[in-house]
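Novice: Given the sequences, and given the hints that come with them, work out the whole structure.
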Amino acid sequence: MASTSSASTAPVARPVAPMVRRLAPLVIFTLLALLPLASALGLPGHWLTLVTRAMIVAIAALSLDLVLGIGGLISFGHAAYIGIGAYGTGILITEGRTELLVALPVVLLACAVFATITGYVSLRTRGVAFIMITLAFGQMAFYFAQALSAYGGDDGLTLYEKSTLLGREIFGNRTGFYYIALGTLAVCYWLVRRLVASRFGRVLRAARENAVRVTVTGYDVNHVRLGAYVISGMMAGLSGLLLANQTDFVSPAYMSWPRSGELIFMVVLGGVGSLYGSILGALAFLVTEDVLSSLTQNWKVIFGPLIVLFVLFTHGGIAGLVTKLRGRRDG
Amino acid sequence: MAEPALALKGLAKSFGALKVTNGVDLAIAPGELHALIGPNGAGKTTLVHQISGTLRPDSGAILFGGQDITRLPPQARARAGLARTFQITSTIASLSALENVALGVQAHSAHPLSLFRDAASDEALNAPAWEALEAVGLAERAHAPAGSLSHGEKRALEIAMALTLQPKLILLDEPLAGVGHEEGERLIALLNSLKGRFAMLLVEHDMSAVFALADRVTVLVYGGVIASGEPAAVRADPAVRQAYLGEEG
Chain A
0 MASTSSASTA PVARPVAPMV RRLAPLVIFT LLALLPLASA LGLPGHWLTL
50 VTRAMIVAIA ALSLDLVLGI GGLISFGHAA YIGIGAYGTG ILITEGRTEL
100 LVALPVVLLA CAVFATITGY VSLRTRGVAF IMITLAFGQM AFYFAQALSA
150 YGGDDGLTLY EKSTLLGREI FGNRTGFYYI ALGTLAVCYW LVRRLVASRF
200 GRVLRAAREN AVRVTVTGYD VNHVRLGAYV ISGMMAGLSG LLLANQTDFV
250 SPAYMSWPRS GELIFMVVLG GVGSLYGSIL GALAFLVTED VLSSLTQNWK
300 VIFGPLIVLF VLFTHGGIAG LVTKLRGRRD G
Chain B
0 MAEPALALKG LAKSFGALKV TNGVDLAIAP GELHALIGPN GAGKTTLVHQ
50 ISGTLRPDSG AILFGGQDIT RLPPQARARA GLARTFQITS TIASLSALEN
100 VALGVQAHSA HPLSLFRDAA SDEALNAPAW EALEAVGLAE RAHAPAGSLS
150 HGEKRALEIA MALTLQPKLI LLDEPLAGVG HEEGERLIAL LNSLKGRFAM
200 LLVEHDMSAV FALADRVTVL VYGGVIASGE PAAVRADPAV RQAYLGEEG
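Residue numbers (numbering that gives the first Met the number 0), protein chains in the order written: chain A, 0 to 330; chain B, 0 to 248.
Derived by calculation from the structure, the hints in this document are not laboratory data. Quick caveat, the model's predicted, so the values are computed rather than measured. For each residue, glycine too, the CB sits at the ideal point set by N, CA and C. Incorrect hints may have been included.
To give an idea of the interface, some chain A residues facing chain B are shown, with a C-beta separation under 8 Å as derived from the structure [said to hold, decoys possible]:
{"id": "1", "residue": "K161"}
{"id": "2", "residue": "T163"}
{"id": "3", "residue": "L164"}
{"id": "4", "residue": "T216"}
Okay, the calculated bits of chain A under chain B, using three or more residues with CB under 8 Å as the criterion [what the hints assert, rightly or not]:
{"id": "5", "region": "73-87"}
{"id": "6", "region": "198-212"}
Specialist: Next up, the structure:
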């Protein structure tokens, strides 16, 4: 069939991913690793806290990109997993169980159970119905947390201790916490990258494009999507565990639907399906929010239009912009 | 007689008042290339959908290698060795031709959904995928995204994907539709070279291809079988001539 094609004389070598896509994650993680040095040289400590928080949120955005960007499922209830992770951690600490080796499996298991049940139901729908049903489950978690009067209810839950590892305080030091967040983000990024490139990931990617073809090839598409949904939910729960420890506070607002919307926006901002883009998206979102809100109280009036302009002018988000700029220079 | 590769027994399907499949009985022997012809709207594609499992029949039974698969979901039928191509080509556009085929190899491997090992560099998947691509003459286009292939190449790619499913039967839904003369000739030669390795049900409008390839022919009109048998006998059947072939002449 190929004899008429002009490419037939070229050697049949596997194409290599563009330079940008291979280098961008390396650059991002290197810069993040060096930031505390800048802090030692006089960058206000506030920045370290802000970027720590951004990296924690980036874990959730990254996990959302797995289902949204790779799986093609627009989950509008992803903040629920941050909330479950945060509340799981917060409740354990309130009950005097600060040990991470207890909190971590509890949080991951709780998220896995919630994701399995809600995912099983949600995945029976498609398109807008899927968006609405995940939103409904997210709100369900939100109202449940509001009703948790033993743990603060509407007012949220203030934590007087942080999680410990083998009885030792590990979240007390600001720089230490920064590197724990960075390390967790890096491990999560690596895991998701591996997952996307694996056999499982190939089926997930293929199903986003052509579910019927994948089905008649012998795969249960919903089974694969549910797997991705559960892994993603557990990862977002991890983000909640770290967030509770950073803010010493857990509140139902963590899982309100605007939070889920913000996560989607970070993924879109960074470039859907690019994985490292969702990290950039989270960083850009939180830093912009912080800078604008320090300038004026009405910062949302500026932030809103900025978001609209950005989406209008950069198809493919930040990751797309980086590729485009590189391309122009190369050309 | 050996167990038929595929047997349809009194298969019926209606969309409202319209009987699109009207008590179809059909048996295809292992290794047989069976052509299904009929005028537009005769219900050929609907029948293919019911056999592959993307549509449920209202009544009747589908036996695959003697086993009743009427209630099995499509993915289970595929795993049992029932492969298909689509009337409108259906590939994963952004994946390379090789990856499209490897997806099929993977489905029948011991670990179709393993989570960590890199799939693109997995020789256990790529070696059989290369073989299938070579069998259909697409090896040189292995790394091209499926979306960038020509129409005829996509048809061939679909056949390569079907080959990796260790098929006992391949449903070919108009593989020559929209393909140019030269590529069409190559596809006919390809199907001819595959004959005998597994059974094939070929839905096709191109009569010269049908009579060149088919061991037996079934004619479907208004959802029902009006004739079935050797190509020469079917061609001579007066009912067929009136209902179908006459229109062409």
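Novice: Of all the hints numbered above, which does this structure not satisfy? Sort the numbers upward.
Specialist: Violated hints: 1, 2, 3, 5; rest satisfied.
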